[in-house]
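Undergrad: Residues per chain, in single letters:
Protein chains: 2
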Amino acid sequence: MIRYKAIISYDGYRFAGFQRQPHARSVQEEFENTLTKINRGQAVTIQGAGRTDSGVHALGQVLHFDLPQLYDEEKLRFALDTQTPEDIAVRSIELVDKDFHARYSKHSKTYEFLVDIGRPKNPLMRHYATPFPYPLDIALLEKALTKLEGTHDFTGFTASGTAVKDKVRTITEASLEFDQERHLLIFTFSGNGFLYKQIRNMVGTLLKIGNGRMPLEQIDKILAEKNRQLAGPTAAPNGLYLKEVRYER
Amino acid sequence: MIRYKAIISYDGYRFAGFQRQPHARSVQEEFENTLTKINRGQAVTIQGAGRTDSGVHALGQVLHFDLPQLYDEEKLRFALDTQTPEDIAVRSIELVDKDFHARYSKHSKTYEFLVDIGRPKNPLMRHYATPFPYPLDIALLEKALTKLEGTHDFTGFTASGTAVKDKVRTITEASLEFDQERHLLIFTFSGNGFLYKQIRNMVGTLLKIGNGRMPLEQIDKILAEKNRQLAGPTAAPNGLYLKEVRYER
Chain E
1 MIRYKAIISY
11 DGYRFAGFQR
21 QPHARSVQEE
31 FENTLTKINR
41 GQAVTIQGAG
51 RTDSGVHALG
61 QVLHFDLPQL
71 YDEEKLRFAL
81 DTQTPEDIAV
91 RSIELVDKDF
101 HARYSKHSKT
111 YEFLVDIGRP
121 KNPLMRHYAT
131 PFPYPLDIAL
141 LEKALTKLEG
151 THDFTGFTAS
161 GTAVKDKVRT
171 ITEASLEFDQ
181 ERHLLIFTFS
191 GNGFLYKQIR
201 NMVGTLLKIG
211 NGRMPLEQID
221 KILAEKNRQL
231 AGPTAAPNGL
241 YLKEVRYER
Chain B
1 MIRYKAIISY
11 DGYRFAGFQR
21 QPHARSVQEE
31 FENTLTKINR
41 GQAVTIQGAG
51 RTDSGVHALG
61 QVLHFDLPQL
71 YDEEKLRFAL
81 DTQTPEDIAV
91 RSIELVDKDF
101 HARYSKHSKT
111 YEFLVDIGRP
121 KNPLMRHYAT
131 PFPYPLDIAL
141 LEKALTKLEG
151 THDFTGFTAS
161 GTAVKDKVRT
171 ITEASLEFDQ
181 ERHLLIFTFS
191 GNGFLYKQIR
201 NMVGTLLKIG
211 NGRMPLEQID
221 KILAEKNRQL
231 AGPTAAPNGL
241 YLKEVRYER
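If you're matching them up, the sequences are chains E and B in order. The opening residue of the first sequence carries number 1 in the UniProt record's numbering; numbering runs sequentially from there. The opening residue of the second sequence carries number 1 in the UniProt record's numbering; numbering runs sequentially from there.
Some clues are possibly wrong.
To be verified - Listed next, the stretches of chain B that the computed footprint assigns to chain E, with coverage defined by at least 3 CB atoms under 8 angstroms from CB atoms of chain E:
#: 1; segment: 5 to 13
#: 2; segment: 89 to 97
#: 3; segment: 121 to 134
Claimed, not checked - Label pairs and their in silico Cβ distance ranges:
#: 4; chain 1: E; residue 1: P135; chain 2: B; residue 2: E73; range: 20 to 26 angstroms
#: 5; chain 1: B; residue 1: P215; chain 2: E; residue 2: N211; range: 53 to 59 angstroms
#: 6; chain 1: B; residue 1: P215; chain 2: E; residue 2: K143; range: 38 to 44 angstroms
#: 7; chain 1: B; residue 1: S175; chain 2: E; residue 2: L140; range: 52 to 58 angstroms
#: 8; chain 1: B; residue 1: D66; chain 2: E; residue 2: N211; range: 36 to 42 angstroms
#: 9; chain 1: B; residue 1: F78; chain 2: E; residue 2: A24; range: 34 to 40 angstroms
#: 10; chain 1: B; residue 1: P85; chain 2: E; residue 2: G161; range: 34 to 40 angstroms
#: 11; chain 1: B; residue 1: P215; chain 2: E; residue 2: K106; range: 53 to 59 angstroms
#: 12; chain 1: E; residue 1: K106; chain 2: B; residue 2: Q83; range: 33 to 39 angstroms
#: 13; chain 1: B; residue 1: R25; chain 2: E; residue 2: P133; range: 23 to 29 angstroms
#: 14; chain 1: B; residue 1: N211; chain 2: E; residue 2: Q69; range: 32 to 38 angstroms
Stated by the list, open to error - Keeping only pairs whose Cα atoms sit at most 20 angstroms apart, straight-line, the calculated EDC-like set for lysine to aspartate or glutamate is:
#: 15; chain 1: E; residue 1: K243; chain 2: B; residue 2: D179
#: 16; chain 1: E; residue 1: K121; chain 2: B; residue 2: E30
#: 17; chain 1: B; residue 1: K243; chain 2: E; residue 2: D179
#: 18; chain 1: B; residue 1: K121; chain 2: E; residue 2: E86
#: 19; chain 1: E; residue 1: K208; chain 2: E; residue 2: E177
#: 20; chain 1: E; residue 1: K121; chain 2: B; residue 2: E73
#: 21; chain 1: B; residue 1: K37; chain 2: E; residue 2: E73
#: 22; chain 1: E; residue 1: K121; chain 2: B; residue 2: E74
#: 23; chain 1: B; residue 1: K121; chain 2: E; residue 2: E73
#: 24; chain 1: B; residue 1: K121; chain 2: E; residue 2: E94
#: 25; chain 1: E; residue 1: K121; chain 2: B; residue 2: E94
#: 26; chain 1: B; residue 1: K226; chain 2: B; residue 2: E181
#: 27; chain 1: B; residue 1: K121; chain 2: E; residue 2: E177
#: 28; chain 1: E; residue 1: K121; chain 2: B; residue 2: E244
#: 29; chain 1: B; residue 1: K121; chain 2: E; residue 2: E30
#: 30; chain 1: E; residue 1: K121; chain 2: B; residue 2: E86
#: 31; chain 1: E; residue 1: K243; chain 2: B; residue 2: E86
Treat the hints as calculated values from the structure; they're not laboratory data. Backbone N, C-alpha and C define an ideal beta-carbon position, used for all residues, glycine too.
Same shape as in the complex, but just chain E (with noise of 0.2 angstroms):
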């Protein structure tokens, strides 16, 4: 068998989420379709770098299969991009040794959360950037940014009843960037992991803080007390992307 790595990217509007799951469509479910489809219908299963939840979005999704057989790459990803539903694209194949994981192996993501702040709400974004038409102070906001950047126990952010026992997690960038033509605030988190709803948690929490709603001073207690109660609501699903997922060599 031969190792493939894939980068896809897709909208995530339509589907469930990405993991395949009974009676809803899943990015998973379409890909290993038309994987299975090219393999002359022997099914083929794929490993995901990270599920995404039902209407979060992909820019770079990372997954890895196998096949029995030596495709050309460049053959493999047209093949695979134009066979794919029109919400999935797929924007590189590599051939990979038989060890590399996309989950397990030791990697690093980005996600990116859009906040649309436009007056009204914009139509066109309103699958992909989630609106919030009141104030927001941009420096308080970067205040809180910085203290959610390093290594803390994220128990506070995560949905209660997750099965992960470790909460400790690295993040190495959690920044802010404002699209003025688009009205459009960019957040971008990196770190080693991130647990489950932990971003959408963080940004409901922020824009409750830059709103006024919530002193900036209530992060802290959040990471200190372990405490979803303490934290904001979670934001909604369509303003979220994965954008990258980089493996150490």
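Guided by the hints, dock chain B onto chain E, whose structure is given.
TA: Only chain B this time, still in chain E's reference frame:
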């Protein structure tokens, strides 16, 4: 009766166009339905600055309508914005003189046409830009755009069988921008009026020239010979945006 001017934006994807028509969803019908509700069931008709075709978007369409009652501009804007469907947004409402007419008051329009030149195409932009993943000579495109500027008879760039007699129009700006990060080519066209399908036919021709499959001089020939057969194909509607309508005082 009191006359109101509205600036609205909409996502053209799920509309059969701006203008009301039987058995198909239109911006006009949705907007009039909302206005009629606000006007306590008394029918209200709107008049738009121009029609947009099925699938064409608007960032700044202008329309006017009359109501028997005086409303606060921002309150009426908010009511319309929240009560129209989510693919329409109401950007502003302004009280205007009775002689203001969205269509017949002298105005100029600006359109944008977005081309996704990324490979592969961006699945998140599939309804909001026209994909063209082939080589394009930007310098050549800029020369071709210069040829379109000015006052010309644009018969060769409109759909044949158009009822309008006088096909002389003035293009005050025809330019090109490249958004490197989003892999988007953005064409901008401003002028005192555009013929049916004129911009989509110009873009279809420009892409053929930029791709080297049509000589630059073909533009002069299409303008001089007024023959639609000489021009390129009609570009898809999903890249076209009515960006702004400017009225003379």
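Undergrad: Quick check: which numbered hints come out false for this structure?
TA: Of the numbered hints given earlier, those the structure breaks are 6, 7, 12, 21, 26, 27 and 31, listed in rising order.
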